[in-house]
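Those sequence lines, one after another, are chains A and B.
Anchor point for the first sequence: position 158 equals 158 in my numbering, and the numbering is continuous, going up by one each time.
Counting from 1 along the second sequence, just add 247 to a position and that's the residue number in my numbering.
Bear in mind the hints are in silico, worked out from the structure with no lab data behind them.
Warning: the hint list may mix true and false statements.
Claimed, not checked - If you only want the chain B side, here are some residues facing chain A, beta carbon under 8 angstroms, derived: (1) R255; (2) L259; (3) S260; (4) R262; (5) E266; (6) Q277; (7) L279; (8) A281; (9) G283; (10) E286; (11) M420; (12) M456; (13) L486.
These figures come from a predicted structure and were not determined experimentally.
For glycine and all other residues, C-beta sits at the position ideal for the given N, C-alpha and C.
Chain by chain, the residues run as shown.
Number of protein chains: 2
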Amino acid sequence: MIPHSHPRYYSLSERHALETGMRKGITHVQGLLAHGRGEAFDYLIGERTTNEARKAIRAAAAELLLAERPVISVNGNVAALCPGAVADLAKAIGAKTRVEVNLFYRSERRVRAIAAELKKFGIIALTAGGKNMARIPGLQSKRAIVEKGGIFSSDVVLVPLEDGDRTEALRRMGKRMIAIDLNPLSRTAQRANISIVDNITRAMPLLVMEVKRMRAWKKARLSRLARSFDNKRNLKASLLIIRRGVR
Amino acid sequence: MIPHSHPRYYSLSERHALETGMRKGITHVQGLLAHGRGEAFDYLIGERTTNEARKAIRAAAAELLLAERPVISVNGNVAALCPGAVADLAKAIGAKTRVEVNLFYRSERRVRAIAAELKKFGIIALTAGGKNMARIPGLQSKRAIVEKGGIFSSDVVLVPLEDGDRTEALRRMGKRMIAIDLNPLSRTAQRANISIVDNITRAMPLLVMEVKRMRAWKKARLSRLARSFDNKRNLKASLLIIRRGVR
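Model the full structure from these sequences, guided by the hints.
Here it is, written out as structure tokens:
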């Protein structure tokens, strides 16, 4: 166990969670590389949730509450890093929420391992198996596979740590995309409607909190908040912070 | 196989090499995370060898040729990414060169796997086993373990992708340290005498080329080149490039 007082406690805990995820067949080797890239940006951002990220989180909370068919997309890193927060978020948004296992490097074995892990946290995840399978138009290979009654027919999708191509293809389908990505220059961050530039382990609990806080709000108020969010401007501000981090 | 024409050929090949390294028991999970961090900095630097890196590579070549007991330190990522370049470099510097397996997360099994891999490239690596083991003063745990006739009694050590603590401890022992590290802010880069801020797969072949080119040089000329190198200034210039990369 890593002592809580360790200055690098959070970062080391995340690495440990991903190592465990690897052993359980949840996390992919490429997921570790991706997390490493995220760590570098987190380091430059100061390993804190910026005001820009907070704004994006609030807008995301409003979008998720306004959605009629919201889906939380879960990959190997998300399942390893914050399965509890995924469960909390789904519960906070309400019964309309679906959680779907969606992998860049899809293998049925890994889909099953992730679904089993999520089940420990009370989540019955969609896995796009058999007759429930649909394909995202314009995407090649297994990356196109989604669940018919899940991502395929959703209106708002939260894609933490997702790939740019899929984000783009889902936007072409008319969906509102919310991304969590530490690299504001990534195609995912650039393509999403709302990009939360933050570490997922910090952003998810905050997102849960905001959803709970806004749950009693009227639709008009939620809409105003969601519409007032400017993703381009927010991303630019995040970039400036990273630039200042490189001293 | 990844087609050579692919725009991300080098980056994908590296990831593939590390995945293979994992399967062979050469690369550690933490090495994948570290490589991911490097990828982020490489992306910001433009995935090219900068003029600053070229200067550092030339100074490093001079230092290695001037050394009486040069050692190339090899870890799991180095063994997976560029074992051939390690062999070429050792040969180019000459018979005085030692190659030593040196791991952050040392396990005898991984040391053996790496030594076996290096052997395929004609390298008989030191492994700090049994009676040949010595310890770096001031370092805790297995990270202190080095070979008596290798790093312990060396005068110049090339540590590609090394950790900051060990670089610092070895400098305290009076050794000249050459690092290859894509993060100019890392403690390794900050502590080394010469920090090559470049991707190891690009830097190593260039280092081999420079060593070959300078092999016929007189000592005085090599010394002048090595002494004229200013690491602090070089690191600052590399940081500026990264800053410009964050647009």
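Hint-by-hint comparison with the structure:
For the restraint placing B/R255 at the interface with chain A, the shortest Cβ-Cβ distance is roughly 13 angstroms, beyond the 8 angstroms limit, so the hint is violated. Proximity of B/L259 to chain A is violated relative to the hint, the smallest CB-CB distance being about 10 angstroms (cut-off 8 angstroms). Because the smallest distance between the Cβ of B/S260 and any Cβ of chain A comes to about 13 angstroms, over 8 angstroms, the interface hint for this residue is violated. The beta carbon of B/R262 is positioned within 8 angstroms of a beta carbon in chain A (closest approach about 6 angstroms), and the interface hint is therefore held.
A distance limit of 8 angstroms between C-beta atoms decides the matter here; for B/E266 the minimum to chain A is near 5 angstroms, and the interface restraint holds. Because the beta carbon of B/Q277 sits about 7 angstroms from the nearest beta carbon in chain A, less than 8 angstroms, this interface hint is met. At a threshold of 8 angstroms, the smallest CB-CB gap from B/L279 to chain A is about 4 angstroms, leaving the interface hint in force. The interface hint given for B/A281 is met, as the beta carbon of that residue sits about 6 angstroms from the closest beta carbon of chain A, less than 8 angstroms.
The interface hint given for B/G283 is met, as the beta carbon of that residue sits about 2 angstroms from the closest beta carbon of chain A, less than 8 angstroms. Evaluation of the B/E286 hint against chain A yields a held restraint, the C-beta minimum of about 5 angstroms falling below 8 angstroms. Checking B/M420 against chain A by beta carbon gives a least distance of about 26 angstroms; that is not within 8 angstroms, so the hint is violated. Hint status for B/M456 relative to chain A: violated, with the closest Cβ pair at about 28 angstroms, above 8 angstroms.
Given the 8 angstroms rule on beta carbons, the hint for B/L486 holds: about 6 angstroms separates it from the nearest Cβ of chain A.
Comparing the model with each earlier hint shows violations of hints 1, 2, 3, 11, 12; every other hint is respected.
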